[in-house]
Amino acid sequence: MDDFLRGISVTCFVGSYAVALLLELSRSIVRVPGRGLLTIAFAVAGLFSHAVYLLVRANQHGTAGETGLFAGWYDWSLLVAWGLAACYLVLYLRRPDTIVGYFLLPSILGLVGLALLTRDWAPFSRDEAVGFWRTVHALAMTVGAAAVLMGFIAGLMYLTKASRLKAKQAGGSSLRLPTLERLQLMNRQCLVVSTIAVGIGLFSGVIMNVNRWGFVAWGEGGVILSGVLFVWLLVATGFEFFYKPARQGRKIVYLTLASFGFLVLTMIGVFSSDHGRKPASPSTISFHADFLGDQS
Amino acid sequence: MIGCSHQNAAVDFREQLSFTTDQARTAIDAFRKRFPAAEMVLLSTCNRVELYTAASNTSKTVADQTIDDGPNRDEVIHFLADQRQMSPERLLESMIHRSGDEAVTHLFTVAASLDSMVVGETQILSQVKEAYELACESGSVGPLTHAAFQAASRVAKRVQRETMIHRKRVSVPSVAVGEIIPEFFESLADKTVVLLGAGEMGRETLRYLIDQGATDVRIANRTREHAQTLATEIGGRAIDWSELDQALIDADVLVGTTSSTEPIITNERFVKISSKRYQRVLLILDLAVPRDVDPVIGEHNEVYLYSVDDLQAACERNRQERRREWPKAKRIIDEETVRFVGDLHYRATGPVIQRLRDHASQMKREEWTRLENRLKQMNVSEEARSEIERSLDRLVNKLLHPPLASLRDDAAAGHQRGLLEAIKQLFSLGD
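Protein chains in written order, with our numbering: chain A, 1 to 296; chain S, 1001 to 1431.
No wet-lab data here; the hints were simulated from the structure.
Owing to the predicted nature of the structure, the values given are computational and were not obtained by experimental measurement.
Note that CB positions come from ideal geometry on N, CA and C, so glycine has one too.
Please note: incorrect hints may appear among the correct ones.
Covered, in the sense of this in silico footprint (three residues per stretch, anywhere, with C-beta under 8 Å from a C-beta of chain A), are these stretches of chain S [claimed, not checked]:
1. 1087-1096
2. 1300-1312
Distance condition first, Cα-Cα at most 25 Å in a straight line; then the derived SDA-like pairs of lysine to any residue [as the list claims (entries may be wrong)]:
3. A:Lys168 <-> A:Pro178
4. A:Lys166 <-> S:Ala1189
5. S:Lys1033 <-> S:Thr1020
6. S:Lys1328 <-> S:Gly1100
7. A:Lys251 <-> S:Ile1249
8. A:Lys166 <-> S:Ile1249
9. S:Lys1424 <-> S:Glu1321
10. A:Lys251 <-> A:Asp120
11. A:Lys251 <-> A:Val231
12. A:Lys166 <-> S:Glu1383
13. A:Lys166 <-> S:Gly1298
14. A:Lys168 <-> S:Glu1321
15. S:Lys1276 <-> A:Pro96
16. A:Lys168 <-> S:Thr1266
Here chain A stands alone, though its shape is the one from the complex (with noise of 0.2 Å):
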């Protein structure tokens, strides 16, 4: 199994992404029976011998030497256009009588092209890269909590205008709050955006704790918190995706209410832990001790 996982290369997804887009292409000129399946069936490939491909090479790269983790243009590609293809394979699913292939899978074979392109170019060093994922993952967490936050007041907004509807309070009021259809729409969009930048900062985080230290401090309150709220907003998405009573209404308002109280348990962990605080430099300690010093 190790043998034919290792086996995977980059002809693999590129193959099934050119399949999906041939049969996407298709769609103008023949009717092919279940074509849908099988576009469905190439994307899940693609996407999978696609994760495995980068995973192994996680692997191989290993916590050594000087080059650092996912570090360089090769990388890079291949992780944004795996992220692409997650995102028409979403698409697709929720309209697949939608021609977003026409535009997403040919940018997904580009960046796989730019890839290949930059294949010989030497990788930043583990510093640099640790740089790197920290930015990424501080913006994608930043915007994550963020997103979480709005759905929380959007949801308490959906809740407020709703119970006055309900009481018969519509109309010629001053106070007045976007329709009940728009803050419907606020929350759904905040989930999805929240989950997408949680699993963003969460993934970028463990690169960076790759690079920095070579391992992941799993077992921190931080890293464990973050953890379940990205659990928690796949799940909340996936019900909200799969379950169509769970997309309208004060179901999905609850959803994101609860995700505020994941986020804040989060924030809990964080504060509660080194977690994200700048680690005092050896210079510091220095300057502490010599001032305690004086001081006695």
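Model the placement of chain S on the given structure of chain A, informed by the hints.
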């Protein structure tokens, strides 16, 4: 202006007196035959019948006419009595008469919808315009009615622009569609609306729904033909009564307007289909009395039920807001009346001023011709002669300035001091 409205006449009297478009055209022709020199516009709606008349004396210039000219009240009453085969005494009892500034104020008030049964409704302005256009077609308008009706249209638009009097909806269907639905949905373009009933209420509601951008309106009526007729006339799609359950599953908005004595959508019926709605928000606007929808349905989580009583409260609130805007609208009308009448009076002074200036100019010219010959004989230089001529011009202007300024002031005040007539007499300017 002679007329009656919902304010002072019963509906049966108004019905007797009202004119269809063809009858109005015939009446205008008859009026022109009887009063060839008069202008006339006939406004006939379900709430009012009003006859606006003014002088159109060809022997006078436009500026010499005043809004008080024209056939007198009795003549118009007799004309109307002949037209509608009613006794002049009965008309005299029930009709009001306004002349001069009051007639102008009344026209502006009517056009701005301050005198309407539903204050602020916009239909009256189009009716005023239609009446004016009909009079234009029939050739019964003249300079005064032209000016007055065009000003009325401008004033009504100013009132609409500067006050909130037209912006608050006051009918139940307009509040339902214009104020309740926008609290729930961004747009009706992608929503399914189910309309129960194809009567008058249904018709009015459908109009508002289409205006609001609804594209998928399904009209359900026990007699499908009525629904079909409505759909053809206004828009939407008629569905069979048997398709109602499926329509309820698809619906985002349900509007009840039937005259059914029993609820059409019972709770049991709704419970059966509710699982297929996947808890999608449903707004129910039950405009029917008795109700079309069981009130218990409003207790379902994602159902928002508004009945006529709930909407009446919003209508009344809007009516009160309109009433609060009334004084502001009235101030605009008073201001515009003063301006209109002032303009009219001012226009009346123009020809007199011109004649006075011509008269003075003529006298100066004659005097100058005589003097210039003498000066030439006395070998007075060209430069000195020009100076003397300019001096004469200045003298004439200085002499005319005070009376003309007083005349203008008097015109602005409505010729109260009678200076126009005095100047005509004093300087023998004729009529």
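To see whether the hints hold, each was checked on the structure:
no., hint, result
1, 1087-1096, "violated (count 0)"
2, 1300-1312, "holds (count 5)"
3, A:Lys168 <-> A:Pro178, "holds, 16 Å"
4, A:Lys166 <-> S:Ala1189, "holds, 24 Å"
5, S:Lys1033 <-> S:Thr1020, "holds, 20 Å"
6, S:Lys1328 <-> S:Gly1100, "holds, 23 Å"
7, A:Lys251 <-> S:Ile1249, "holds, 19 Å"
8, A:Lys166 <-> S:Ile1249, "holds, 21 Å"
9, S:Lys1424 <-> S:Glu1321, "violated, 52 Å"
10, A:Lys251 <-> A:Asp120, "violated, 50 Å"
11, A:Lys251 <-> A:Val231, "holds, 18 Å"
12, A:Lys166 <-> S:Glu1383, "violated, 93 Å"
13, A:Lys166 <-> S:Gly1298, "holds, 8 Å"
14, A:Lys168 <-> S:Glu1321, "holds, 19 Å"
15, S:Lys1276 <-> A:Pro96, "holds, 22 Å"
16, A:Lys168 <-> S:Thr1266, "holds, 21 Å"
Checked against the numbered hints above, the structure breaks hints 1, 9, 10 and 12 and satisfies the rest.
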